[in-house]
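Kindly produce the complete structure, drawing on both the sequences and the hints.
2 protein chains.
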Amino acid sequence: MSLFRPDVERIAGYVPGEQPQVDGWTKLNTNENPYPPSPRVVSAIRQAAEGRLNVYPDPVGTGVRKAVAELFGLDPDWVLPTNGSDEALTILLRSFVDPRELISYPYPSYILYETLADLQGARHERMLLNPDWTWNLDAARPLVEQSKLVFVPNPNSPSGTRWSDETLLKLIPPRGVFVLDEAYGDFADEPHQMQLLHTDAGRQIVVTRSLSKSYSLAGLRFGFSIAHPDLIAGMRKVKDSYNCDMISLAAAEAAIRDQEWMRANRDRIVATRQRLATALADLGFDVEPSQANFVWTTHSSGEHRDIYTRLKERKILVRLMTFPEAIGGKTVEGLRITVGTDDQIDRLLEVLGEIL
Amino acid sequence: MSLFRPDVERIAGYVPGEQPQVDGWTKLNTNENPYPPSPRVVSAIRQAAEGRLNVYPDPVGTGVRKAVAELFGLDPDWVLPTNGSDEALTILLRSFVDPRELISYPYPSYILYETLADLQGARHERMLLNPDWTWNLDAARPLVEQSKLVFVPNPNSPSGTRWSDETLLKLIPPRGVFVLDEAYGDFADEPHQMQLLHTDAGRQIVVTRSLSKSYSLAGLRFGFSIAHPDLIAGMRKVKDSYNCDMISLAAAEAAIRDQEWMRANRDRIVATRQRLATALADLGFDVEPSQANFVWTTHSSGEHRDIYTRLKERKILVRLMTFPEAIGGKTVEGLRITVGTDDQIDRLLEVLGEIL
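Which chain is which? The protein sequence lines are A and B, in order.
Take the first sequence: its position 269, counting from 1, is numbered 269 in full-length UniProt numbering, and each next residue is one higher.
Take the second sequence: its position 273, counting from 1, is numbered 273 in full-length UniProt numbering, and each next residue is one higher.
Hints in this document: simulated from the structure, not taken from any laboratory.
Glycine is no exception: its CB is placed at the ideal position from the N, C-alpha and C atoms.
Worth double-checking, as some hints may not be accurate.
To be verified - Reference listing, derived: stretches of chain B covered by chain A, where coverage requires no fewer than 3 residues with Cβ under 8 Å from a Cβ of chain A: (1) 18 to 27; (2) 34 to 42; (3) 243 to 249.
This is how it looks when you write it as structure tokens:
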């Protein structure tokens, strides 16, 4: 007799990218930012640690909501801080989707959405992207129309490509919520400034953001959602009372208030990304033009597993990704490579040159 | 048209105790520890902040699991770290309870269980305690037998009373999981050392612990669950991949490894608790003998709301608690007062002396 819910018994659980807990790896597999966070973050953490850790944190995160609101020109009631944007995705499922209702998302993309739907007992459908990562809107429309939640990461992973607001507006479910997952939003050439929220459909849109990538704070677990206050108020009922701790609230506020630091790191990453893409092409790879802090690349040999394994033997981790049953029933396979420091990328290119 | 799930639309959301974000309050309402956490915690946080916040934390919290396992003489596979023990309660509902299944819990007790059940679309039933806070096991049994989860806080809140292992063993649901919520466990005269897990029924028991109270870390959000590895493995599928951040993992490990600090604070609180109980009795209050870091007290005048309000006017916060429809259909009402520092308790007693 299993005591677990059948939905839990059935699933394998999501497996995140490898996280070796020892030093010595060139880690280009989980889209972490290779640069440290703002020194103001470290000061804020030190100050919070010497403060009043014995009392509960502000349950609604007043300070950080204010900082986010100022950044995007919104009222703080539009902002919900979360324990990483992962928690926001869980809250969204639990807020809007009942068992057997439908969620849909583009494919190939972030398959965590399927695990979250399975946990909620919900159905999930993949909206197959064209081989050039554009949308087949005619094929997507019937799924969008039936969906309670549509998740769209933009820029998308693993492709690093970005869709226009005009395309996104066609994906809003008539009786549901559109989640624009902008974990990589800050790396785009023209970062999204929440224009979509000011459209007629704005009351059905939730934008999720993460401090893990652009703010160099994957270790901190902090994200936030932006949406109409009616949506935020309901989502707040679903979250744990004190979902964000005192230290991450203080650190996140300091990080968001140091835009200069974040932008300088982003610019460095964007420059390295260009260099990486050019060098990979010289080595015979096809490289998708990226708007994120990683590139999606395939090799004409098709030997992605072999390249991944041989890099790993040399202590370089990239992400081997396989998406069966993509458009036309074909498997999409390739390597997703995080844009590291210039030194890390030099090391990668050097080893790739030896391997190929 | 509401976009929310009907279950979410229906609930009001849990309202935690008041958390004034300004100084100047004598805060005796949310069972925080008045003493600071171990200096080793502050060092661990500083070190983590200067470390690698740009990379993801260890998703399974190896270091802190080892520290907990050593403390209780278990294997680390018996331990699941969570973002506060609140997150553990949410994970338990999502792991074991499908919509319309039953959870039950003693009453008066921690009503958050009802909110969590409502969010999951589950049913909840109260097992009415006798006026002296003992169990009516005959009345409880039919509910226990139908329950998928039975939640029992021990020591209980608001009473501060503690039930024997012998009683608890009679509350294990034959086809479900028994959750022993030990948020206040360290304050008991004989803190529970997980003996229940080694009984035949041990495979159906989950013990939850919090660092918020005894370790003075309410601001940090860290808790852990202890259970048979089969239960922990399934619960791990339900949690977010990186549910605990790098700083709280490091801080929690340091806190748990400094038992001396925790015990010294606990002993101080237990001594102050005794003094508070005696002084309240002298002021005409009935005081329930407490095994926690708070006392439950009633006044023969029945003017609890008035006392609460007049204390609040003097910037002293205690918790006014009202439990309608307790045993015999009667309302249970009283004040739950956190055991603060001796100075805080002196101030409370002084003002109470003026009010009464």
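Quick rundown of the hints versus the structure:
1. With 3 residues bearing a CB less than 8 Å from a CB of chain A, the region 18 to 27 of chain B meets the requirement of three and the coverage assertion stands.
2. Check result for the region 34 to 42 of chain B against chain A: holds, 6 residues qualifying (beta carbon to beta carbon below 8 Å, three or more required).
3. Evaluation of the coverage hint for the region 243 to 249 of chain B: fulfilled, as 6 residues show C-beta separations to chain A shorter than 8 Å, against a requirement of three.
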